[in-house]
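Here are the chains, one letter per residue:
2 protein chains.
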Amino acid sequence: MRLRMRTSLTGTSKFSRRVRKETVKYRMTANAPPGDMLDYYDVSGCFILKPASYFIWEEIQDWFNKKIKKMGVKNCSFPLFVTEDVLQREKDHIEGFAAEVAWVTHAGSTPLEKKIAIRPTSETVMYPYYSKWIRSHRDLPLRLNQWNSVVRWEFKNPQPFLRTREFLWQEGHTAHLTEDAARKEVLQILDWYADIYSELLAVPVVKGQKTEKEKFAGGLYTTTVEGYIPATGRGIQGGTSHGLGQNFSKMFNITVEDPSAKAGEQKEALHVWQNSWGLSTRTLGVMVMIHSDNKGLVLPPRVAETQVVIVPVGITAKSTEEDREKLYAEIDGLVTVLEAAGVRVQSDKREGYSPGWKFNQWELRGVPLRLEFGPGESAGHFVTTARRDIPGKDGKSTLPIADLVSGTTALLETIHTDMYNRADAEFKAHRPQITNWDDFTPALNAKNLCLVPFCLQMDCEESIKNQSARKAEEESGEVTDAKAPSMGGKSLCIPFDQPEGIEPGVTKCINPSCSNFAEKWCMFGRSY
Amino acid sequence: MRLRMRTSLTGTSKFSRRVRKETVKYRMTANAPPGDMLDYYDVSGCFILKPASYFIWEEIQDWFNKKIKKMGVKNCSFPLFVTEDVLQREKDHIEGFAAEVAWVTHAGSTPLEKKIAIRPTSETVMYPYYSKWIRSHRDLPLRLNQWNSVVRWEFKNPQPFLRTREFLWQEGHTAHLTEDAARKEVLQILDWYADIYSELLAVPVVKGQKTEKEKFAGGLYTTTVEGYIPATGRGIQGGTSHGLGQNFSKMFNITVEDPSAKAGEQKEALHVWQNSWGLSTRTLGVMVMIHSDNKGLVLPPRVAETQVVIVPVGITAKSTEEDREKLYAEIDGLVTVLEAAGVRVQSDKREGYSPGWKFNQWELRGVPLRLEFGPGESAGHFVTTARRDIPGKDGKSTLPIADLVSGTTALLETIHTDMYNRADAEFKAHRPQITNWDDFTPALNAKNLCLVPFCLQMDCEESIKNQSARKAEEESGEVTDAKAPSMGGKSLCIPFDQPEGIEPGVTKCINPSCSNFAEKWCMFGRSY
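So the sequence lines, in the order shown, correspond to chains A and B.
Going by my numbering, the first residue of the first sequence is number 1210, and it counts up by one from there.
Going by my numbering, the first residue of the second sequence is number 1210, and it counts up by one from there.
Rather than coming from a laboratory, the hints here were simulated on the basis of the structure.
No false leads were mixed into what you were given.
Copies of the same chain are indistinguishable here, so a pair counts whether it falls within one copy or spans any two.
In silico BS3-like pairs for lysine-lysine, Cα to Cα no more than 25 Å straight-line:
id	residue 1	residue 2
1	Lys-1279	Lys-1558
2	Lys-1567	Lys-1283
3	Lys-1504	Lys-1341
4	Lys-1393	Lys-1422
5	Lys-1558	Lys-1471
6	Lys-1699	Lys-1416
7	Lys-1341	Lys-1567
8	Lys-1504	Lys-1656
Using the sequences and the hints given, assemble the complete structure.
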């Protein structure tokens, strides 16, 4: 555990307390997540997902598989490798990935005739086969998904979960007859990505579309869910659902005959409309960074491997062996009842550790709910409850044994809702509308993402980023390390949910050196 | 579909019919499995698992995950990459894999400082962390599993599912305090591997232990399930569960203090006892090769994505639109009823195809049970059933609508049992006990695996393989291509279930040039 515990609070004002707390939080979670979730690996940029985090990934898999299978998506498995020829078939696409592709050149001591790439994503791996398999409009929609790992050998500083050279994800690749059918799916998938964050991980996200500058290389448009990390004040891309248009289908010659052609007419070849969409184990990083405090992790109850831990209390040196056995038997009974109701529960009857030591350990691991059970509870027919998300006395209460199941499940749901609502309030409080350029960099410095009126032009976006980075560097007196996250504000998304206030042909773009009118409110911020 | 349909039977004797049938079967299934299951890929030795086969892999995953999680195994994810240093820590182990390791040397156009291997298996990837994580006997057993892909760049001819340069598998890696606890787990896992074959895939296997020559490189002993492919008369390794002993724990320094040491005594450091066990997508290849006939695939019902297809029949040119609609509505009702009972069912109401054409297509795809439903069935309140595993009239029957659910589920179970029993009878009929060396190669030529009295010595095993290969080549007049499967008989396993007949110190080893006594009945055969 690389966890530095805060032993005292020297700051007194509310502000300094907050800053201090957030610093501790960031240090713990982003650079060194609790040891239960992840371990560092001796290949730089690669990490081990330990069971506590992989369990959550499996919960996400289960949930998402159910949704997409019901829609008609089928899972499959394409190879890890891709030839150089195929990888380079789509020019914009390969430009987006070329610098990060890992190349296999030898097998044993034998040089390969041609070097082979490890997929950075599977568009070019899969689409030659889509061209082969799709012969008629009856083969549409073709909807395939795979759960795999991809490799992007980034040279920026790696960050656990967030920027890793190999990462786990799912990638869906679909082909449709019409643009409309394709677009509907893009949005449906995005809704499910948002649900994974909000319903499973208790994390609020903003849905929107990427600007031209930030869209997927080779695609037509990219929709995204964007999260917010309070500790750093940075935005984070949570998952993307891309409309690829007909770009790849033209490159890979994926066509069907027009089914609406009348008998006897020449049937035109139509290029299919494609989508791709992906969600990665970055989800886990976002969850960890948002739901942690200075005691460690706080796991959202719906996905926590252990939702409830029962810790025996009140066993003292004076207690007899019989007292202990009786108490433990009662605890076993509580476990049985909760398990039967589908609660993921365990008891901690380890000898040689004090209740306080156990409390700390389970808090560190983020178990959402602790039940304490001792002679007092036994005599009074209740359990003492302690919520992980509200440390200390405020999070403690009692629950009659008669209501054990209903009370526990309701409390887990309350914890989920409260965790979501707190994170949502924090995100909303850090998402101001900024219309004056002079307020932009200060707002970033105050850990905000900013909704700004924006012309959507690529060069203007570059200019906003560079100007704000320069301003932040001037103020801080530091020059950004090339490997560090940028201090400039970049566009995160054009939120679907647009505030009022932009008058076409009247409202100016926020960039003072831009002469265009604003098209949309766009969310800018520092990002991962 | 690279399927050559047999249009006539020119041979007349029973023997020539059998040979002919098996030739067709082998051509179709081993070299070119039906196109629904798999596709060839443009990197040699890599294949695409299409949804029909990946679905079965997911069924296997679900089943096995439930078993191992209940035992306390947790899933996790270790990186794809391994450094050269770590890979070479265990000498015997790396010798077993060195020639097949794929090496990454570049990222983009940048040469890596040190080349990095893609894991051929994860012992050396994982065990440095076991050494770090296991601090006390309280951390034992440590039981981790991962579902991933590994790469072994074999230069032998690739075969779909069976010998592929990348393959999907699960690899379990566990550490125990005692040899006994480790051994119990090895055998429990092996039982589950056997169950996956018999209970899910309707494939019989023989459980046993590998000889010293064939055991896992670096391990203490290897247990295995071995299958049999009638078409080629070859044995096939189906999954292996290895007792690694303390070999790796000594190399990687994985120790705990002796918990049985008395207070005050010096606590000895004990090296943990380790296991590793793996089952791959080869399972699917074994299933395909065993359960196919000259009409295509025959899928075992418990894992088939579509268990039942309902095909409308008896709609003719004279039928009215109303007739058709009424019939289709009734079919929708049958689908609803079966779906509600958990049967994976679909109807085939496509226009423009005859019932016969549809029958053929679903037979090719291997759907275990076809229900036919037309005006006659409707009037008589029954469905016509057609079993995929018994082609033609013998496999047809009827089922009253009143018994639709119970009759269908019972029939699916019967199909499973019959498929298993037929394969089991075939395996048993081709597993003779051979005690005379002169009968050995002829028995191999007659597509048998042979149980022979064997001394278990490594050099004798090599000699048996070489002698039988030479003899087979002399007889056939062909010299085996180095890339082709060997014509020699190699040891497949020492079956746990040993026939009687070996007298210690009396029964001779079958090899005429060996002077040792036989220790065990060992199953020899040609293999994949």
